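S.K.: Those protein sequences? They're chains A and B, same order as listed. Per this note's numbering, residue 1 is the first one in the first sequence, and the count goes up by one each step. Per this note's numbering, residue 1 is the first one in the second sequence, and the count goes up by one each step.
Possibly wrong hints are sitting among the right ones.
As the list claims (entries may be wrong) - Covered, in the sense of this in silico footprint (three residues per stretch, anywhere, with C-beta under 8 Å from a C-beta of chain B), are these stretches of chain A: (1) 213 to 220; (2) 705 to 719; (3) 774 to 788.
Claimed, not checked - Here are the in silico distance ranges between beta carbons for each label pair: (4) B:ARG22 to A:THR686: 17 to 25 Å; (5) B:ARG39 to A:GLY828: 54 to 62 Å; (6) B:ARG117 to A:ALA826: 22 to 30 Å; (7) A:PRO773 to B:SER188: 40 to 48 Å; (8) B:SER188 to A:PRO823: 51 to 59 Å; (9) A:PHE650 to B:GLU88: 39 to 47 Å.
Unchecked claim - One-sided and incomplete, this derived list gives chain A residues near chain B with beta-carbon spacing under 10 Å: (10) ASP727; (11) LEU769; (12) PRO892.
FYI, nobody ran anything at the bench for these hints, they're computed from the structure. If you're wondering where the values come from, they're calculated on a predicted model, not measured in any experiment. Glycine included, C-beta positions come from ideal geometry on N, C-alpha and C.
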Amino acid sequence: MTDGRPDPDKLLERVQRDEARARRGRLKIFFGACAGVGKTFAMLSEAREVRAQGTDVVVGIVETHRRIETEALLEGLEVLPRRTTEYRGAQLFELDVDGAIARRPALILVDELAHTNAPGSRHAKRWQDVDEILSAGIDVYTTVNVQHVESLNDVVGQITGIRVFETVPDKVFDEADEIELVDLPPDDLLQRLKDGKVYLEAQAERAAGHFFRKGNLIALRELALRRTADRVDAQAREYREDAAIKKVWQLKERLLVAVGPGPDSEAVVRAGRRLADNLRADWTAVYVETPALQRLPEAERARILKSLRLAQELGAKTATLSSPDVVTTLLGYAQEYNAGKIVLGRSRRHPLVQFATGSFSARLGAANAGIDLVLVGGSERRAAPTTPNEDRPSSSTPLRDYLLAGAALAVATLIAVPLRGVIQLTNIAMLYLVAVVVVAVRSGRVPAVVASIVGVAVFDFFCVPPYLTFSVSDTEYLLTFAVMLAVALTIAQLTSGMRYQARVASLRERRAAALYEMSRDLSAALTAQQTVEIALTHVQRVFEAPAAVLLPSADEHMLMPRGSNDPGELRDVDLSIAQWVLDHEQTAGLGTGTLAGTKIHYVPLRAPMRVRGVLALAPRNERLIFVPEQQRLLGTFATQIAIALERVHFVEVAQDTQVAIASERLRNSLLASISHDLRTPLTVLTGAASSLMDPEERLPATAKRELAETIYEEALQMSDLTDNVLDMARLESGTVHLNRQWHSLDDVVGVVLTRTRRRLGARPIEVDLSGAPPLVWLDGVLIGQVLTNLLDNAVKHAPGDTPISIAATSADGLTVSVADRGPGLAPGEQERVFEKFYRARVESATGGAGLGLSICRAVVDAHGGRIWAENRSGGGARFAFSLPQPPAPQAPPDDDAEAPR
Amino acid sequence: MNAPRPRVLLIEDEPQIRRFLRTVLPTEGFDLHEAESGRQGLVEIGVRRPDVVILDLGLPDMNGVDVVRELRDWSQVPVIVLSARADERDKIAALDAGADDYVTKPFAMGELLARLRVALRHAERTPDGAERFEAGHLSVDLRTRRVTLSGREIHLTPIEYRLLTTLVKHAGRVLTHRQLLKEVWGPSHVEDSHYVRIYIAQLRRKLEDDPTQPRHLLTEAGVGYRLAAE
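So here's chain A without its partners, still in its complex pose:
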């Protein structure tokens, strides 16, 4: 589009997106500092008012806790039946999401947004249910307590000493259309508590005494007020921004949150979120995986994963970087992404260690160039060192590593002992350093460190006089030992780091290569089926999980996997989940917030125009899918597959259009041709017949006869034309079945000559069929038609007195040719004459729809033969066709001896 007009597709997409947003229901949250402030009461009161104004209000789920005032408010409101689930013998009642959407009220009341659903529900959390209801275009009223807001969760926990596990992501809170703070001064609340007007859950009751202290209540109230104020502030600012000139370049601040393996990493993430909120900055949670961190036990690695996921939930981008040098990597990343602040947890290392190595924050501070560091947490010191490496991700067993270390040192010693005294002692030390390098390369850091220390000892024992004791004759050797140890340790560290780097690099390269390979293969796919098969092959290999691609049918319903023959393909996918994923364009199943109970992870295949299908995976190793890096890779895979599917789809659309254009063109030329070729004879027919109808009988008998002959001939020509058009249509539609039999070519040609005798007139015809086999295998009627059309064609183009010759040979089975002495074919015409509606001279007087030769081609093609045109030497055109011939049949028995007398 060069004319500057907006792309209509993009416009449509935008309109649809705006519509989708407009269709989404509005969420109003009744927000309170703690239980008992009267949120439910406020919600119900307002709902009644709204209902009085004529809005269709339904109670989805409301806990009255049998408080009389609250129950009174429920009176007269329609209450949706709850969904009952059986869990370990107990009946649990949950919000019926499908029921709510089916009932389709204008407004639905859903109490306790932070509630966790019973296991086996579609969503783990009630806020996800509410999200789905909102997506369906239904407004929702709900209630939230301040301690349930994700980012405030641990702050509240620190204040009150009680942690709750039911949280609502800040995103939900922030994106709510309206927040109404339900406020009650602490004294009033305490009074209500005394009056028994506050319901407490059984497990909370024990802690209630502690929780409902005035100090706590004041703090909670302050938190709630502030959180609400923040929102109001944001709204005001947004309004101002909206009102201001739009195109002001704003450099948005970015915040990095460094996620580590410590127990307080979640707290760091939450703090990062609060800070980002206050600064109105984008934020990214970064985890730098070092060799040391890679050796952590699985539990700690899982915690890192959890922190990163929490960060994602809180609205952060996440990144996992691999490098042995955390400081440089982190700073590099910060600079690359223009982040001005790095949030990190306070170091939990022992102060002595910190003093020796410099704390992480100190090293970061020393190295950084103008980046602010924000230290948070650090209140809890690690109580005990976490369990040592239970499952080192090392391929070889430690024992083998240490045997290797021993062997390397033994070899070094065997070489060293004969050389001692011959060469310098310091050079002998080099041999041990070589051994350490070997161990570091082969076995990693720890064996190399052990080898360094043992190496120094062995060197002392065998090579330093006095031999075979650890005592040293010269104190100068102590310096040698120190230097040797330092060098060995450094080598061990560096070498194992390099080893790790190489592994990381190769991993990364594998990912890139996998992606590249799939893209390359997908680009060659021509059909959706091929795309699916290629996608499955690659996904299954890279993620080591049986997978399936589900495509929607034309009416947007999920179809079973396109049965590829791949035995690894996932069979037991749940179509209803896949349908949900397709409709909501969100991931579901294992490892997600939706229907997490299944073993299969469902990913929507989102292409630029729309969702093209669903990818289902049943991972054997969850880490291979849920590590952020792999998640991103999976996302990229899904996008690639979706784009490939979309491309194939548009190729099909384009092909359909091509076919439509071609048939349109065909129809047009057919109409043009028929209207010409029918109108001429029709004019003659009408004119001649009307002359014959003359009531006064003035026409002489000869004129009458001539007119009758004209009518007859024109009618026959029309009949031929109609036959040709019908034949073409039948041949094209494939309804013609060849009726091949053994014929004598003489016979076929004879029929044709009889049929065309009138048209041939006095023109000399030379027939030579002596070269043909006695019996030929063909459809006599159709090949007769071919010959008739070829003869007609020759008659049309060659002057009236020139001969036409028909000849046959047994070349290529059977070859028959019809040759004339006409003007011949123009260059480049050889192929085009067989096209439909092609005519040598447009609107020529020779007539015919230009179908004759294309019918010939269709018939000959149906016989598996070949037809072609060429110019004859000496002038004129030759049309020939060849038909493959099977072995001739057995001749019929005859006995010439028994001749009749």
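Use these hints to put chain B onto chain A, whose structure you have.
M.R.: For chain B alone, kept in the frame of chain A given last:
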């Protein structure tokens, strides 16, 4: 007008074609009766006892082939089939089922009249009545089993002779490949259509001046052969 005019029953649903034949056939000496459907046609045949039937294959109520089959259970009246190009297969099926001849639409009046005359002539003749066939220079004497061309005797093999006599018995009428094969080679050879073609070619070489443009042994493309009667 001593001889009774032959009665023709036309079974045809197209009014234009009925109108056209209604105009022409009476002036050519035929009494024409009409039926618009196959069912009505069968009743008319039973009631009016026509001398010859012209049957259109594309009828609205029943297949023309079925009309022929049903008819042949109780009547030997000659049937001439009117067929369009699209009912190639039906045409052959109708002939095999007992129809006597066919005319393809569009047809010239002369062609239809010739077929009608041949059909009437055959119907008059009692079986085995004819002993001699003559057309142009060709003559076949069934009694003496002699075949002559311009007075010169032609030597034929037994199969050639049997094929020729089969055609002679139905001279002027079309015989399908199937009918010829059944008559000459027996019911077990009805699919071996190349037998007929080979022997027709042999006969033409012996009996025709120019085998590629025969005058006696005519090919009916896709259907069978006809021995020209005049």
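S.K.: Which of the listed hints are not met by the structure?
M.R.: 1, 6 and 7
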